[in-house]
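Assemble the whole structure, with the sequences as input and the hints as a guide.
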Amino acid sequence: KAGVTQTPRYLIKTRGQQVTLSCSPISGHRSVSWYQQTPGQGLQFLFEYFSETQRNKGNFPGRFSGRQFSNSRSEMNVSTLELGDSALYLCASSRQGSWVEQYFGPGTRLTVT
Amino acid sequence: TQLLEQSPQFLSIQEGENLTVYCNSSSVFSSLQWYRQEPGEGPVLLVTVVTGGEVKKLKRLTFQFGDARKDSSLHITAAQPGDTGLYLCAGLNNNNDMRFGAGTRLTVKP
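Residue numbers (my numbering), protein chains in the order written: chain A, 554 to 666; chain B, 78 to 187.
Because the hints were derived from the structure by calculation, they are not lab data.
Quick caveat: nothing in here was measured; it's all calculated off a predicted structure.
For glycine and all other residues, C-beta sits at the position ideal for the given N, C-alpha and C.
Among the clues, some could well be false.
Unchecked claim - 25 Å max Cα-Cα, derived SDA-like pairs, lysine to any residue:
#, chain 1, residue 1, chain 2, residue 2
1, B, 147, B, 122
2, B, 136, B, 97
3, A, 610, B, 133
4, A, 610, B, 108
5, A, 566, A, 662
6, B, 147, A, 609
7, B, 133, A, 666
Stated by the list, open to error - Chain A regions said to be covered by chain B (calculated; three or more residues, Cβ under 8 Å):
#, segment
8, 596 to 610
9, 657 to 665
Unchecked claim - Here are the simulated distance ranges between beta carbons:
#, chain 1, residue 1, chain 2, residue 2, range
10, B, 92, A, 605, 46 to 54 Å
11, A, 570, B, 132, 36 to 44 Å
12, A, 635, B, 159, 32 to 40 Å
13, B, 129, A, 632, 39 to 47 Å
14, B, 115, A, 637, 20 to 28 Å
15, B, 116, A, 561, 37 to 45 Å
16, A, 567, B, 101, 38 to 46 Å
17, A, 581, B, 94, 37 to 45 Å
18, B, 159, A, 632, 35 to 43 Å
19, B, 135, A, 571, 39 to 47 Å
20, B, 90, A, 613, 34 to 42 Å
21, A, 592, B, 152, 22 to 30 Å
22, A, 654, B, 137, 44 to 52 Å
Encoded structure:
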């Protein structure tokens, strides 16, 4: 079966702009989690959505938001971009939202100039 | 702040050598996972350990969870170039928060 897909794969934005990233989970998976990966901070949890509801949230400012649609596809939005937002944004899906088995997509590489 | 410390940060070895990488914390985790990430891809789950003292084997990879559930190790026997990648450990605490280590970047030279 198809894996987790993320679009776009690469994105270049300027400071102050906003961006929306998309994630399509594996068919049948109801949970989608978002992570930010940077060389300095490593992989950090942003939030998790399960059945269209945010269930867990990491320690990120309110500029980072997300949502999940009825087909389990999820979007993440970052407003008023800062240089420090440059990172690889990964989403992961799992069947029941369990941490036991989650599958990551290839990520969206965001560069803020 | 990294709650999970991974060591070494970088490791470069020749094909056929053995190696061990470590994941340490002062916190207790209800479960711990190991992932491998290759360039341009997302992390791939290798194993989940949940019981203190647990040892799991996956072909040439051996994973151990510490008795106190605060640390873990990954041992690779007879490393191959295909083992090259970033190895990440991730711990789930009792508050259902998952934390990742910064990773060990392994290069296996043919």
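Hint by hint, here is what the structure shows:
| no. | hint | result |
| --- | --- | --- |
| 1 | B:147 - B:122 | holds, 19 Å |
| 2 | B:136 - B:97 | holds, 15 Å |
| 3 | A:610 - B:133 | violated, 31 Å |
| 4 | A:610 - B:108 | holds, 19 Å |
| 5 | A:566 - A:662 | holds, 11 Å |
| 6 | B:147 - A:609 | holds, 23 Å |
| 7 | B:133 - A:666 | violated, 45 Å |
| 8 | 596 to 610 | holds (count 4) |
| 9 | 657 to 665 | holds (count 4) |
| 10 | B:92 - A:605: 46 to 54 Å | holds, 48 Å |
| 11 | A:570 - B:132: 36 to 44 Å | violated, 49 Å |
| 12 | A:635 - B:159: 32 to 40 Å | holds, 38 Å |
| 13 | B:129 - A:632: 39 to 47 Å | holds, 43 Å |
| 14 | B:115 - A:637: 20 to 28 Å | holds, 25 Å |
| 15 | B:116 - A:561: 37 to 45 Å | violated, 18 Å |
| 16 | A:567 - B:101: 38 to 46 Å | holds, 40 Å |
| 17 | A:581 - B:94: 37 to 45 Å | holds, 41 Å |
| 18 | B:159 - A:632: 35 to 43 Å | holds, 41 Å |
| 19 | B:135 - A:571: 39 to 47 Å | holds, 42 Å |
| 20 | B:90 - A:613: 34 to 42 Å | holds, 37 Å |
| 21 | A:592 - B:152: 22 to 30 Å | holds, 26 Å |
| 22 | A:654 - B:137: 44 to 52 Å | violated, 22 Å |
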